[in-house]
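Peer 1: Can you make the complete structure from the sequences, with help from the hints?
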Amino acid sequence: MNPSPTEIPPVPPPPPIPPPPAGGPPKFSIFPILGGIILVILVATGAFFFGKSQNNSPQSNSSPSLSPTSSQLPLSPTPDPTANWKTYTNKQFSFTVNYPPEWEVDDNDALIIRFGSLTSRIDKINIYIIDNKNQVTVDKLRQNLTDIDPITIGGFQGIKGINKDYLKENKTIYSANIIKDNNIFTISTVDFQDTNLKTTFDQILSTFKFLQ
0 MNPSPTEIPP VPPPPPIPPP PAGGPPKFSI FPILGGIILV ILVATGAFFF GKSQNNSPQS
60 NSSPSLSPTS SQLPLSPTPD PTANWKTYTN KQFSFTVNYP PEWEVDDNDA LIIRFGSLTS
120 RIDKINIYII DNKNQVTVDK LRQNLTDIDP ITIGGFQGIK GINKDYLKEN KTIYSANIIK
180 DNNIFTISTV DFQDTNLKTT FDQILSTFKF LQ
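When we follow numbering that gives the first Met the number 0, the leftmost residue of the sequence shown carries the number 0, and every step to the right adds one.
Calculated directly from the structure, the hints in this document are not laboratory data.
Just so it is clear, the structure is predicted and the values come from calculations on it, not from any experiment.
Ideal Cβ positions, reconstructed from N, Cα and C, are used throughout, including at glycine.
There could be a bad hint or two in this list.
[As the list claims (entries may be wrong)] Distance condition first, Cα-Cα at most 20 Å in a straight line; then the derived SDA-like pairs of lysine to any residue:
1) 170 - 197
2) 197 - 144
3) 132 - 142
4) 163 - 196
5) 159 - 178
6) 85 - 197
7) 139 - 152
8) 208 - 113
9) 159 - 182
[Said to hold, decoys possible] Computed beta-carbon distance windows for the label pairs:
10) 145 - 82: 30 to 38 Å
11) 197 - 164: 13 to 21 Å
12) 85 - 191: 21 to 29 Å
13) 154 - 119: 30 to 38 Å
Peer 2: Quick look at the structure:
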């Protein structure tokens, strides 16, 4: 009797493959990503506006303020030392001149006008009117003066300086001479060592004017 063939046990069927979940492969949520992007934008925008506001803000008070330069400051006018002086008018020879208020005038001699203080016996300043019958020129007047400066009064030429003839007598005579028409107008003062009339002499001379 032939042996019966060996029985092959049945192969079990493969386990069923579970179906994929509905809706396709799993997806990640995009909300966290969008939130991060928005946060970055907000931070950048805030930093931009903060920096701009800092640039536009006024500077600190500690910054040095610009002070006006000397050329920008208004210049005050120089006071006139003769503003309150008296005025002498000579109608005969048509001129005016100012003199200190504490002085007096003596014009009893028409050709010599004396200016001085009532308390002093010495004339301070004299004005001489000399007939120029010899037609003396300005160049001729120079011969008796030193330290000469040219002057012009009312369009008429003249000179001022120190009289040479009295330098050895311990006194200085300042003299100004103007030739007008047929007259020589000489304004002079004697400045001794114990007085200082030179400044007053120059101030009086600056006020001398011809009326015509």
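Peer 1: Taking the hints in turn, state whether each one holds.
Peer 2: Each hint, compared with the structure:
no. : hint                  : verdict
1   : 170 - 197             : holds, 12 Å
2   : 197 - 144             : holds, 16 Å
3   : 132 - 142             : holds, 18 Å
4   : 163 - 196             : holds, 18 Å
5   : 159 - 178             : holds, 12 Å
6   : 85 - 197              : holds, 19 Å
7   : 139 - 152             : holds, 19 Å
8   : 208 - 113             : holds, 17 Å
9   : 159 - 182             : holds, 16 Å
10  : 145 - 82: 30 to 38 Å  : holds, 33 Å
11  : 197 - 164: 13 to 21 Å : holds, 18 Å
12  : 85 - 191: 21 to 29 Å  : holds, 24 Å
13  : 154 - 119: 30 to 38 Å : holds, 35 Å
Hint compliance for this structure: every hint is met.
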